[in-house]
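Peer 1: So the sequences go chain by chain: A and B. Residue numbers for the first sequence follow this note's numbering, beginning at 1 and rising by one. Residue numbers for the second sequence follow this note's numbering, beginning at 1 and rising by one.
These aren't lab readings, by the way, just hints derived from the structure by calculation. Idealized CB from N, CA, C, for every residue including glycine. Among the hints, erroneous ones may be present.
Listing some non-contacts, in silico: residues in chain B with all C-beta distances to chain A over 10 Å [to be verified]:
(1) 401
(2) 426
(3) 667
Here are the simulated lysine-lysine pairs, DSSO-like style, with alpha carbons at most 27 Å apart [as the list claims (entries may be wrong)]:
(4) 481/B to 239/A
(5) 241/B to 338/A
(6) 389/B to 161/A
(7) 369/B to 291/A
(8) 125/A to 83/A
(9) 161/A to 392/B
(10) 241/B to 254/A
(11) 675/B to 326/A
(12) 128/B to 192/B
(13) 392/B to 216/A
(14) 114/A to 125/A
(15) 96/A to 83/A
(16) 254/A to 481/B
(17) 299/A to 369/B
(18) 114/A to 103/A
(19) 128/B to 239/A
(20) 161/A to 241/B
(21) 184/B to 241/B
(22) 184/B to 128/B
(23) 338/A to 2/B
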Amino acid sequence: MLASASGSKAGGAAAKGSLATAVASRRELRENVAYTVSKLKDFSAAALDQAGEQLLRALADEALAVQNESGWKTFRDRWMARKDGVLTWLNDGWLKAAPPEAKRQVGQRVNELKRQVEQTVERTKQRVLDSSRSDRLEAERVDLTLPGIQREIGVEHPIMKTLHGMLAVFRDLGYSVEEGPEIETDYYNFEALNFPPNHPARDTQDTLFIARQQAKPLREQLLLRTHTSPVQIRTMEAKQPPIRIVIPGRVYRKDPSDASHSPMFHQIEGLAVDSNITFGDLKGTLDYAMKAFFGSSVKTSFRPSFFPFTEPSAELMVSCFLCAGKGTHGSAPCRPCKQTGWIEILGCGMVDPNVFQFVRHNGYDPERISGFAFGMGADRIALLRYGVEDMQLFFENDVRFLRQFA
Amino acid sequence: MKLSAQWIRDFVEVPVDNRRLAEALTSVGMGVEGMAGQGEDTVFEMEIGTNRPDAMNHYGLAREASAIYDVRLRSLAPKLPPPSANASSSGPGTAAAPFPIAIEDGEGCARFTARILREVRVGASPAKIIRRLASLDQRAINNAVDATNYVLWEMGKPTHVFDLDLLAGGKIIVRRAREGETLKTLDGVDRKLSGEDLVVADAEKPVALAGTMGGFDTMITERTRNVLIESAWWDPLIVRKMSRRHGLHTDASHRFERGADFEATVLSCDRVAELILQSGGGRLIGEPIDVIARRIDQAPVELRTPEVQRILGARLEETEIVRILRGLGFELVAEEAETFAVQIPSWRLDVEREIDLIEEIARLYGYDKIPNRLPAFSGSVIESPEAAKDRKLRTTLLALGYHETVSLNFLSHEEAEQFSDVPIIEIENPLSEEASVMHTSLVPGMLTMLAYNLNRGNDNLRLFESAKVFAAVGPAAVEMKRIAMGATGSALTPSVHQASRPFSFFDLKGDVESLLASFAHKSLCYDAETADYYHPGRSARAVMDGESVAQFGQLHPATAATRKLRQDVYIAELYLDRLYRRGLREFACEPLPRYPAVERDFSFLFPDSLAFEQIRRACYDLGLREVRSLLPVEIFRGGSIPPGTYSLLLRLTFQANDRTLREDEVAHWSAQIMKAWEALGGTLRSQ
Numbered sequence: 001m002l003a004s005a006s007g008s009k010a011g012g013a014a015a016k017g018s019l020a021t022a023v024a025s026r027r028e029l030r031e032n033v034a035y036t037v038s039k040l041k042d043f044s045a046a047a048l049d050q051a052g053e054q055l056l057r058a059l060a061d062e063a064l065a066v067q068n069e070s071g072w073k074t075f076r077d078r079w080m081a082r083k084d085g086v087l088t089w090l091n092d093g094w095l096k097a098a099p100p101e102a103k104r105q106v107g108q109r110v111n112e113l114k115r116q117v118e119q120t121v122e123r124t125k126q127r128v129l130d131s132s133r134s135d136r137l138e139a140e141r142v143d144l145t146l147p148g149i150q151r152e153i154g155v156e157h158p159i160m161k162t163l164h165g166m167l168a169v170f171r172d173l174g175y176s177v178e179e180g181p182e183i184e185t186d187y188y189n190f191e192a193l194n195f196p197p198n199h200p201a202r203d204t205q206d207t208l209f210i211a212r213q214q215a216k217p218l219r220e221q222l223l224l225r226t227h228t229s230p231v232q233i234r235t236m237e238a239k240q241p242p243i244r245i246v247i248p249g250r251v252y253r254k255d256p257s258d259a260s261h262s263p264m265f266h267q268i269e270g271l272a273v274d275s276n277i278t279f280g281d282l283k284g285t286l287d288y289a290m291k292a293f294f295g296s297s298v299k300t301s302f303r304p305s306f307f308p309f310t311e312p313s314a315e316l317m318v319s320c321f322l323c324a325g326k327g328t329h330g331s332a333p334c335r336p337c338k339q340t341g342w343i344e345i346l347g348c349g350m351v352d353p354n355v356f357q358f359v360r361h362n363g364y365d366p367e368r369i370s371g372f373a374f375g376m377g378a379d380r381i382a383l384l385r386y387g388v389e390d391m392q393l394f395f396e397n398d399v400r401f402l403r404q405f406a
Numbered sequence: 001m002k003l004s005a006q007w008i009r010d011f012v013e014v015p016v017d018n019r020r021l022a023e024a025l026t027s028v029g030m031g032v033e034g035m036a037g038q039g040e041d042t043v044f045e046m047e048i049g050t051n052r053p054d055a056m057n058h059y060g061l062a063r064e065a066s067a068i069y070d071v072r073l074r075s076l077a078p079k080l081p082p083p084s085a086n087a088s089s090s091g092p093g094t095a096a097a098p099f100p101i102a103i104e105d106g107e108g109c110a111r112f113t114a115r116i117l118r119e120v121r122v123g124a125s126p127a128k129i130i131r132r133l134a135s136l137d138q139r140a141i142n143n144a145v146d147a148t149n150y151v152l153w154e155m156g157k158p159t160h161v162f163d164l165d166l167l168a169g170g171k172i173i174v175r176r177a178r179e180g181e182t183l184k185t186l187d188g189v190d191r192k193l194s195g196e197d198l199v200v201a202d203a204e205k206p207v208a209l210a211g212t213m214g215g216f217d218t219m220i221t222e223r224t225r226n227v228l229i230e231s232a233w234w235d236p237l238i239v240r241k242m243s244r245r246h247g248l249h250t251d252a253s254h255r256f257e258r259g260a261d262f263e264a265t266v267l268s269c270d271r272v273a274e275l276i277l278q279s280g281g282g283r284l285i286g287e288p289i290d291v292i293a294r295r296i297d298q299a300p301v302e303l304r305t306p307e308v309q310r311i312l313g314a315r316l317e318e319t320e321i322v323r324i325l326r327g328l329g330f331e332l333v334a335e336e337a338e339t340f341a342v343q344i345p346s347w348r349l350d351v352e353r354e355i356d357l358i359e360e361i362a363r364l365y366g367y368d369k370i371p372n373r374l375p376a377f378s379g380s381v382i383e384s385p386e387a388a389k390d391r392k393l394r395t396t397l398l399a400l401g402y403h404e405t406v407s408l409n410f411l412s413h414e415e416a417e418q419f420s421d422v423p424i425i426e427i428e429n430p431l432s433e434e435a436s437v438m439h440t441s442l443v444p445g446m447l448t449m450l451a452y453n454l455n456r457g458n459d460n461l462r463l464f465e466s467a468k469v470f471a472a473v474g475p476a477a478v479e480m481k482r483i484a485m486g487a488t489g490s491a492l493t494p495s496v497h498q499a500s501r502p503f504s505f506f507d508l509k510g511d512v513e514s515l516l517a518s519f520a521h522k523s524l525c526y527d528a529e530t531a532d533y534y535h536p537g538r539s540a541r542a543v544m545d546g547e548s549v550a551q552f553g554q555l556h557p558a559t560a561a562t563r564k565l566r567q568d569v570y571i572a573e574l575y576l577d578r579l580y581r582r583g584l585r586e587f588a589c590e591p592l593p594r595y596p597a598v599e600r601d602f603s604f605l606f607p608d609s610l611a612f613e614q615i616r617r618a619c620y621d622l623g624l625r626e627v628r629s630l631l632p633v634e635i636f637r638g639g640s641i642p643p644g645t646y647s648l649l650l651r652l653t654f655q656a657n658d659r660t661l662r663e664d665e666v667a668h669w670s671a672q673i674m675k676a677w678e679a680l681g682g683t684l685r686s687q
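Just chain A, with the same shape it has in the complex (with noise of 0.2 Å):
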């Protein structure tokens, strides 16, 4: 409003809005105010002297008095106002009805006495504008200590941010996401992972069996893929070497809901296969990855382990990083690395060349090319990272457990 009237010709008219107001506070302050341009009869230079000086000093006085942006507007439009103002009157009052030969002086004076009467008006609007714009930032003061208005985010779930994160380490390292059914066959999940039937390393994964399977052959049973190593073939069958794969889902055991079990979890898998993968590589790869996880002060340490579709397998221990590897905390133990420093993060090992051989035909010859692969668990890892008591918080998602990895 102050804008647009400001930005209007001086003596325009108001905002439509106001206008009544303004007309009568006008009519308000012609009956109050003394000063009215009195029409000349003396046309000398002491009498012009005396009649502006009367009206700069009516029109000082009427500016000191203005005090808001209203009082500034009925001012203006005093002074101002084409129809009825001041400088209208001084137009029609002295120049209009001056003699010709005084005229030219007149004139003069008239413009001397308009600019200052513009300056002054523009002066107090500067000034009137000032001191409100103070006020009303007073007036809108608020209490900033009240608490801000929320809208909730969304929060990941902690295996999931744990999953991603995983994932997002690989694929900087130039591995692709690959995805496989939970529901797999016997085949898959087992024989051509170098899981022969009735091998006692099948004990090692308590399988939940889909039911009504017995009429078929055995390797195309169905079972809930107790790790994510199926995609690990089913890859390889449908892509050559080079290949460099993580392989994320939701895997099954037949354990039941503990504080430290679930019957269904999420495993990261990765493998990578080309002409000249070393041992050196998995190690590599895999000390580049928990550090880039869980920061770069972590160490690795690989032992040896079983696992029938690598050789040789390696188990990956990292220095706690909840302790730093000194296993306690200042007195207290470090419970989750059980005060030994270390903390094992996954399985892995070089592919074992009978795993290559149900891919050969594709061109997997273990003679040729040489692969490393490894597997995680996510749930765990989130566990022991956030410090999670109960496994099974995590599955009951309780909004007030999920808050806290906002």
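Given the structure of chain A, go ahead and fit chain B onto it with the hints provided.
Peer 2: Relative to the frame of chain A, chain B by itself:
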């Protein structure tokens, strides 16, 4: 598995203390998970891989230690008295007539070795034996049985002792059981045998389940005078099947099904005999009776030293390779350059290939000594076609304020059937009836999560879960990606600054619209075709290009009541398998409009039966290019509005890219549109 540190030291001079020994064993894969006891009684709690039955005993670990520290392994050499010659009796099992043993099933039993002891006193074992067994949590029974147990833990070879006089007919036959035969095993259980069971039998009946458990009726008791010691080599697969069939997992079956040492039958027999003779006196009769049905010979394995480097990435000196393998009992014969023929020791059934030898080399060399390297890669990263879509939906949901959840994807039959009509996939061996089928819908899981939270005073909820659901299609299983959303409580976070209001159908619809907007499509409309667990008047189906891609709305109050939900709950299901048939919307930048838009408001009365979609379509079907948007601004019923109608304030925006619109153009289009609305039964109230 508990093993005694001192017992290991019986066979090897370990140059370090027990703690360092534990670390060293762990570093070669013989995991010591814990230590208990002091000094002589120190016990390692160990975890040894299923492929290493040879190391699940003290002598086997001593062998590992000798290889680690490069120190000599003492040999196991039982000292037996000369066999008794002055046999007073005659008949089977005397020096004059060796006990007859027949292997009828050479597939199941490759070798059967026996020793006969007579005039043995059966009683308690010596204190040292009892103490050692006790330290491994093994219960002492009598000197004969304890001797077999001691040998099992000492050298890993399971053996068995029979009361010789209770073997009917004075002979042993190894054969398959006959249908209908039974055997009471040592645990007192009467077991029905089948033709697949491999048994040790006397002339009349089975007396032991091969490699698994002995028979009750022929066991050693206080009355036993004469003993037959058995040490055999049983086929791993047959033992495994048998032990599973009978639910009998024993220390013996654990080892046999992983592969026993074919060459250790005589040695273990002798060692058992030595221990019984030491504790119970008696006489050793004749030489061991050693029946071999077939030999378990391992062919030499070729080891090419360049392969060691190709696989490990570390360069090991040939002398180092030879030293490591010899330390573990392998014999190496140099063939041509860089190639050895390696003879595999009989106790290492797990080593069959060159790669297995390379693992042995790496294991003893030390994994941590192999230098780390990052491999170069000539391939490229191929983004999975669904990854970007998954990511888009997930980040949108998180931004919309939905918390990500993960729930178990099992259901009861009842729940699965209530929330879908697809054929169910059942689990053969479920953990419980409540978790006996794979979930067919994410809705029941979402309702469980909502109820769980509401019951804990978490009243304002936005949750989503992304998972697969499962259905049977003939003999196959299909998996379909879905997203479920759940919302309840207030739409805005309650605060001192603003009044809140309950979450509504249109809050949910807006969220669903935001999610669907990411996908390229030609048409998207909503109808009321929803499942019966939805509120019939507050639920919708989203149809994109003619295909149902989502259902959402308020949960039917009846369903809410049966699930004990205390407040109105909203759910949505997105069928990603269908939604993902489209690509993500591509972005193309258009120049910003240079000419002003013109807005016109129209207040209309429409009959209640008329849906906004019809009003919208009537406008757009006119095909006016300059119509940029049509928005419902206010909706009003009751008061001065006649019953059966509602008042709708509609805002049209007109704009052209190439000019400022003229008043008469806008008036002309407005008139056309109003006419179309009037044709629908609308009446203009004011403009």
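Peer 1: Could you tell me which of the hints above the structure violates, numbers in ascending order?
Peer 2: Numbers 1, 2, 5, 11, 12, 13, 19, 20 and 22 - these are the hints that the structure violates, sorted from lowest upward.
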